[in-house]
Every structure is written in structure tokens, then in C-alpha cells.
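K.L.:
Residues per chain, in single letters:
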Amino acid sequence: MRKWYEETAENGDVVISSRVRLARNLRSYRFGSRLSDEDAVRLVKEVQDAAPLVKEKDGKRYFLCNVNHLSEVNRQAMVERYVVSPTLAGKKQETGLILSEDESVSIMINEEDHIRIQSVTAGMDLEKVFAEANFIDDILSEQLSFSFDDRFGYLTACPTNVGTGLRASYMLFLPALTMTGRVEKLSEEMGKYGVTIRGLYGEGTKSQGCLYQVSNQKTLGRTEKEIIANLDCIVDQVIKQERRRREYMLQAGYDEIEDKIFRSYGILKYARQIGVEDAMTLLAQLKFGADAGVVKLKEDVNLHILMMNIQPAGLQKLLGKNVGSSVRDRARAEYIRNKLPDIERGQNS
Amino acid sequence: MLCDICHKREAKIYYTEIVNGEKKEQHLCEECAAEHTSFQMKMPVKGEFTLGNLLSSILQGYYNSEEKKQEESANPVCEHCGMSYEEFLKTGLLGCADCYQSFGSAILESLKNIQGSELHTGKRPKGYVKVKEVSKPVAELSEIDKLTIRLQQAIEREEFEEAARLRDEIRAKKAKEEEGVKKEGAPNA
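Sequence order for the protein chains is C and F. Going by numbering that gives the first Met the number 0, the residue at position 336 of the first sequence is 335; the numbering climbs one at a time, nothing skipped. Going by numbering that gives the first Met the number 0, the residue at position 64 of the second sequence is 63; the numbering climbs one at a time, nothing skipped.
Mixed in with the good hints there might be a few duds.
Computed spacing ranges between beta-carbons, pair by pair [stated by the list, open to error]:
no., chain 1, residue 1, chain 2, residue 2, range
1, C, T179, F, K11, 23 to 33 Å
2, F, C5, C, N65, 25 to 35 Å
3, F, G115, C, N65, 37 to 47 Å
4, F, K11, C, E37, 43 to 53 Å
5, F, F159, C, F134, 41 to 51 Å
6, F, Y13, C, S70, 34 to 44 Å
7, F, R164, C, E37, 36 to 46 Å
Covered stretches of chain F, going by a simulated chain C footprint (3 or more residues, C-beta under 8 Å) [claimed, not checked]:
no., stretch
8, 108 to 117
9, 141 to 155
10, 160 to 172
To be clear, the hints were calculated from the coordinates, so they are not data collected in a lab. Ideal placement from N, C-alpha and C gives every residue a C-beta, glycine not left out.
Take the sequences, apply the hints, and build the full model.
P.N.:
This is how it looks when you write it as C-alpha cells:
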């Protein structure tokens, strides 16, 4: 079965994916920081007991696992595929996961909150992923009793999530705004509208390969629809700005850009060892070139998937063993060489 | 660049303070920043910069400035899970759902600071009405709060005539309240 990230979608030149996350807590347990180990085990079991109901009503195939029992590499690889959050992967206590076969829906158990329902899709479609997460929330609430307050809404461990418990986010590919040093300014402007922009794997991580996550800051006092509409409105502006910059860059210095992209391709195609940051930057330039029609890929290869697969743990999983970083750098270079399609000058030349 | 205050040590912190709409910018070293500003030393300079850290620094700023005198004697502790308000400030994480009630007015104020709102208008769990009878709300809803919720629901159902009526009712009630405050002659501190 194809994973969600293997689908292609609208606005794919800027918006890589759309994701929502709903935070929920059960009435009968304390929040994470005060949860005993025994209660953590009970909590995970109680939520996973609702999985058959989810399967029945949603019609998808779901898998269960206890994340803390998995190996370090497997956990890290799940973080790199956005299936679980770094917080969940790093917890020593009992943690659980209910994951749909296409990995578009994941229900994390005993994260910062008892339950985090996540739904994700390729391209720009928050409405669809919200509908999915909302549906799962309804199903779970048939069997589980959530902490809810008349005034404050869904109660969460951190007051930054209280109310709707909704964090909606887009993953954006912003090569032109990054290359022209506009992202910082953009971040300030977005802050005024309650929208934050940050690196690839969420809180506290830095951007790689011109990929960013943009999400709502506030969760209380607005309906779910309003939160999503506000984010859509801001992201529409960002898309326009990014496209305008791309056009401008191509008009102003086509030859330089074409040269840069072919040089990047050259390194990717012939390097014998390459670090993840380097590889991400070069792949970002190639993706930009392909999206903008500066170069044409002779085979249809999803460069975003390539970017995901060359992350340290994903690579180790492909290798099937734990290796040091120099071995990994060689393996990464080889993997890229094998996957990279031939290219030619694009129709814009 | 050298520190704006001591002119000796290297400035590592770019500090912006906005007081009554006036913006003041300074380049400071860690020592002077700790001494002369409400800047939290441990936070962004060393260690990890996370939302939790940021949050607790916002809360602490608030706590130090306005509530200090009132709260100093009483550091409320949640009866259900034993978490104290000070502990919460350190991590930004509450211990249990009851904490929202235990830390009452302090939570209410910090929610206004963080969220710019203190009233949930979004989704309610199915069958919530039943639960409502047994659980006590954290704070009683005012007439205006209830009308605001109904207004949101009317907009979602696209019943705009009803929404307009509710909006006017809320405006009228708010105007009345403000008048009431003026008549008493003393602004609410």
C-alpha cells in the first residue's frame, strides 16, 4: 500500500504536506508529569482497547505497538517519517501507538498529553486532515471519557494547547525565500497573526533543505474552523511570496541558477561521502530546479521521499544495522547515487 | 560588540523591552542582563530553547510583576495531584486536570496572556451535556460568555440572522456593564 507521502498533490511546489494534531486527556489519569509507571501501562492499554472500534468505523487497517519497546533506530526512523513526535520517541515510560497502514493517521498514547491524534496528507488540504482527526476523536470519545471544561474546553497538560487542543500545520518548501534571507522577516510578520514557523521536526529543531513547519500558536478562543481558515490565509500569502521570489530569481539570474542546480546535481551524483545537511541543501536546490522547470528529471522520482530516507535513522534502517557516521555518510552518498535519475535542461532554458 | 551597561564584557544578548508602547533596545552581556533585566539567564543562552521554557518565562514575568505580593504568601498546591504553582511555573506543565481549578485566578490570567482568550468556543465532546451535571465548571460562565458560545454556534450553522441578533445582544450587555463600572466611579484594578 502507498504511504501518504508517496501521493502527489496540488500546490506541491511549495506545500509538501498538511497535518493536524488533536490533544486529548482522559479524566481518570493524571497528566504525564504526574503519571506513575503503573498508570502509564494501564493508560496505554485502555486507549489501545479502543483500536478495534476505530478499525471498524474508519475502515482502514491499523497496527498497534508499544513504542518504548522498539529499538532506538526504529523509534528515530518513525520520528523522521513524522509518524511519532520526538517527545513520544524519547520517553522511557510505557508509550503506545495506533497507526493506520498508510501512516496517515497516528494515535500517540502517553505523549505530553494522554492522547495525540495526528492526521497528515500530501499537499495543501487541512480541511481533509482535520475532518479525519475529528472523526477519530468522535470514535475514541465513544469509548473513552475526555477531560473537558465548560470554559477552557479540552484540558491539556500545557496551557498552550488548551481549548481546541488543535495544532494545524503545513510543511512548506521555501528555497527562494531561504536563499534570499527572507524567512526571518517572514517569521516576525507571521507572529503578529498568531502563526509560527520552525524547523522540520517541530519545536526546537532547525530547518534543513529549505523545509519549514508553519502552525497556529493559539488554541483557545477560536473555533477549529477559524484556526484553519486563519492559517490558510497566511500560508496563501507565503505561497504567493515564494512563487514571486522564484520567478524573480529566475528572471534576474537564470544562467547562475541553472549552473548552481547542475553543480548540485553533480555533487549528489558523484560524491563518495556526504553529510545529511549538505545532502538536504543540494537536494533542495535540485527539487527547486525540477519544480521550476530549470531541469527535467528523466524519471519521476519524488525528491521529498529521498530527503526523508537519507535522514540518519532511516538510512540505518535501510542498511539493516547500526553504523557510525562516516559509514553512514558513505552509505548516504551511495543511496543517493543509485536513486538519483538522469536529468536534462528543462523547457524553460 | 561590548555590553551597553558595563562596557567591558562581550554583549551576547540582544534585549528588547517594550514599556508603555515605547521600544528600548540594548546589547548586553549575560551578567548585566541578569542583573538589570527580567531576562531569564538559563533560558535561551545555554540549554534548549523550548516552548515550555518560553512559556514559563512569560508566566514568571507575569508572576513577578503583578501578582508577587498576593501570591508570595500563598503558593497554591493542587489537592488532587500535589503539584504546586511554583513547580508548574518551572516546567510549564500541569499535573492533572484539577490543576486548572486549583490554580484558579492565576491560570485564568496566564491564559489571557498566552492565548489572548479565556473562553473555549470550539468543539464540545458528544454527550457533553450529561457530564456537565456532575462536573463543576472551573469558573462560572457569565451571561456574555454564554451568548458568545451561542454566537459561534450560530455562525457555524450559518444562521446569520440569529448571529446578528446575538451579536447585538452581546454589545448591549457589554455597554451596560461598562456603564455600570463608570457609575461606581472606581476603575477595576
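K.L.:
Looking at the structure, which of the earlier hints fail to hold?
P.N.:
2, 5, 7 and 10
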